[in-house]
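Asks: Chains A and B are the protein sequences, given in the same order.
Be aware that the first sequence starts at 1, since it is given in our numbering, and climbs by one per residue.
Be aware that the second sequence starts at 610, since it is given in our numbering, and climbs by one per residue.
Quick list of simulated restraints, FRET-style, between CB atoms: (1) A/D186 - B/C638: 46 to 54 Å; (2) B/E780 - A/F544: 30 to 38 Å; (3) B/Q783 - A/S16: 27 to 35 Å.
I should point out that these hints are in silico values taken from the structure, not numbers from a laboratory.
As the structure is a computational prediction, the values presented were derived from the model and not from experiment.
All C-beta atoms, glycine included, are put in the ideal place defined by N, C-alpha and C.
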Amino acid sequence: MNLDDILELAAARTPSSLDRARARRAAERVLREYAEATAEGRNLLGDLDVEDVLAPDADEATRITRVAQSAKTGWIKWTAATGELTWSDEMSRLFGYPAVTTHVPVETLIKGVHQEDFTRVKELVEQGWRHQIPQEFSFRVLRADGAMRYAGCLVELLGDDGREPTGIVATVRDITRQELERQEIDRRRRRRVTETDLPGRDTVSGMLGRDRFADELDRAARGGQGTLLVVAVEPDRELSEAQSEQVTRTVTGILDEITDSLCGALGSGEFGMVLGDVGHAREVAGAVLGCLHQRRTLAISAGVRLRAWAALVPFARADRAGGQDLLLDASWAWREGRRDGDMLKELPGPREAGTREAATRRMIAAMVGDDRLCLHAQAILDLTLNEITRHEVLVRVLDEHGRPELPAAFLAVAERFDQIGAVDRWVVEQSLALIGQGPQTSHHQINLSGRTLSRPGLAEFVIDALDRHGVDPRTITFEITESAAVDNLAAAAEFAAGVRSRGCGLALDDFGTGHSSLMLLKYLPIDLVKIDGVFVTGLRDSAFDRIAVRHVVQLCRELGVRTAAEFAEDAATVELLRDMGLDFAQGYAIARPLPMAATPAAAAELAAG
Amino acid sequence: MSILHSRAGDDAATDEKLRTAGLDATFTCFVHEHHLTVKRFLRRLEADGGMVEDVSQEALMAVREKWADVQGYRDPRAWTLRVARNILRDHQRTRGRRRVLFFDDLSMPELPAPTDPEEADERLAGWIQLLPTRMGEVMSMSLAGLPDRTIALELGISYNTVRDTKKKAREKLQQLAEADGFITPAGRRRT
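From just these sequences and the hints, can you work out the full model?
Replies: Here's what the structure looks like:
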C-alpha cells in the first residue's frame, strides 16, 4: 500500500450513519446555542473576516492584502511598472515604525533586514521573480529601535491569470515566539544527547568507586548517624589482574547477598558499606567475615587464599567528620586490628581531627622515608610520528608485602594533609636519578601537585637535581596535576619560569576536571595539555566527550599548546584521537605502566619479578 | 388604531419568525451535508480531537450568524472552511505551542495498513498534521474538494502559490508515507 492507495481509500469515505447522526446533533446544538446567543445579544463573529472573498471585483493584490490584514499579518507590495513600495500598518509596526505612511523607501526596507540575512533574502526574491514561483522563508528583522525579530515571509507574484507578472506581494508574520520556541526545543534536544550520568561505578564490581562512595558517605554523615563498615581483603600472594578482578567479583557477590545498603569498592581490596546502628553493623560485619572465611580457599584458578579484616566506625552529625575522614579512620582501624590479630576492630567513633592528621602525616612520612614507594613508567605515543617518544613517570605504593598498588588513595590523602610536597620531591629525585643513569633517548613527564608548585625553593631543588644526575632538561616535562588547587599562582609562575628557562617543558594534567584549569592555562607558560581520561574512555560513544575533546584541541592549537589524551583503552579510540588532531595518546591500548629502570634490560628484569 | 398597530407588529414578528425558521431549515440542510467535510478538514490540521470539536462548533455558529448572506455566496462551503481555519489558528495561538513531533523522537511501531476509508482518512490526517501550516491548509482544502482558484481566494494567496504549494505538499506526504513503510502499491504485500 502506498500514498496513492491511501488517498484513494480515504477519498472513498462517505458519511456513515454515525456521521449522519453526529451532523444532526451538531446542527441542533448550533441552532440551540445560536438562539441563546442572539437572545443575550452576544457577538459571535468577533473580529473574524466574514466577507465573501469570491466577490469578483477585487484584483489579486487587493484580495491577498485584505486577507493578510484580517489575519493580522503584515504585507508589503512592489509594483513593477512604477517601482513603488507600499506596506501595511502591521508591517510598519513589525519594522519598528509608527503606522503612518503607506509608502516606504527601499532603503528603509533594506535597513530593516538583518545584514546577515540580506543576501539570501535578495536572492530568494529575485529567484522567485525569474522563475515565477512563490518563495517562503524566514529572516531577521532589525527594527528601527535596534531590537531584533524573526519574521516568516511568503513572497508571491502578482499577475492575474498567468499573464506577465506585474509585481510582488510579500505577507510577513512575526514568528519570534515560534522561532525562539523552536530554538529552545532544538537546544534541549542537543542537551539531552550530551547530558551524562554521574560516573563513579567501579567497572568490575558495578559498585560505587572510592570518590563517589566518599561523597555518599559524607552526605550520610552530615544528615544524621550511622555506621561505616570497611572490609579489607588480602590475598596471600600477588595476583594477576584477572585474578584480582575475580576476587573483587566474589566479594561483591557476598556483599550483595548479605546487605542492600550502599556499598563501594574502595580499591586495594577495601570495600565500604554505610549501615544503620552499630548493632546491625556488627551483625553484617560478622556475616561478611563468616562468609569470606568459609570461602577461605576461593574457587579462583590458583586456589588463592584470602584473609579478611573489618573495621566499624559509628558516626553522628555532631562528630563533624567527613566521608574521607571516616574512610581514613576505618582504614587505620582495620590495620590496627590486623596488627593485634583482631579480625573486627570497632572504634567508639571517628578519631579526633588532630589525632587523625598527626597519624596520617606520620604514616606518609614513614612511607616516603622507608622508600615504600616505587616508580613505574608508561609509554606515550606521538600520534603524528606514530612512535613512542615519551614516558610518564608514575608512582606506586608498596603494600606490607612489597607489592605495588595504585596510589590514588594515598596521593589524595597526602594532598589533603599537605604531605604531597615530600612525595613529589621523592619522585623527582628518584626519577631523575634513574633517567640520568639511562641513555636518555626518551622524553619523560614527571608529576607535580599543584600544591607543591608554590613551595619556596622547588625550582632550585629541581634544577639542582637535574644537574646532579646529568639529565638533559629538554627531555623533561613537569605535569602539574590539578587534584588540588594551585594555592599561590605567583609562586607557581616563578617555578614555571625557572624550569622553563633551563629547557624543561610544562604540562597541565587532568585537564577539564581539576581546579581553574583555564586560568592556569592563561597565566602559566603551559606547553602541553593532557585531557583527563574521563573525556577519553567514552569517546567513541559519548557525544559530550567528542565535542569537548574536539574543542579543547582546537582551543589549545590556537593557543599554541600541544594536546595529549590519557586512558586511550582501545585501538579505535587511538585512531579517533589521531583524527581529532591530538598530538599524543597514552593508555592501555598503547602500553601499560611498567616498572621503571635505568636500562631496558633492568626494566625487563623488574617486570619479570 | 391600536388593533391595526398590533396587527402590524404581529405581522413583523411573524415575518421575522418565519424568516428565522427558513434560515434554520436551510442551515440545517447545509450542516447535514457538510458537517463531515468541516470535521475532516480540521482534523487534518489539528491532532487534538477536542480542539477540532470546539472549532467546528464555533465555525458553524459563525456560519449560522451570517447564514442570510452566506447562503447566497458562490461557495458557502469554501467560506465555511476559511472561517473554520481562522478560528483554528486563533485556538492554536492561544494554546501557545503547536504540537511538535520529531521523527527521531518517535520509536514508531510498524503501522498497520488501513483497511477501510475511515482508517485511511485518519492515517492521511496524521501525515498532513506534520506538514508546515500553509502546506497543510492548501492540501486539506484541496482534499475537501475545493478547486485551486477557490483555495487561492480563501487563503488569500495567489493561484501560482497554490499550485506550487500543492506540488511540494504532495512530495512531503510521499516522504512521510514512505517513512512509515507505505511504499509498495496495493496488490503486493508491504515489505
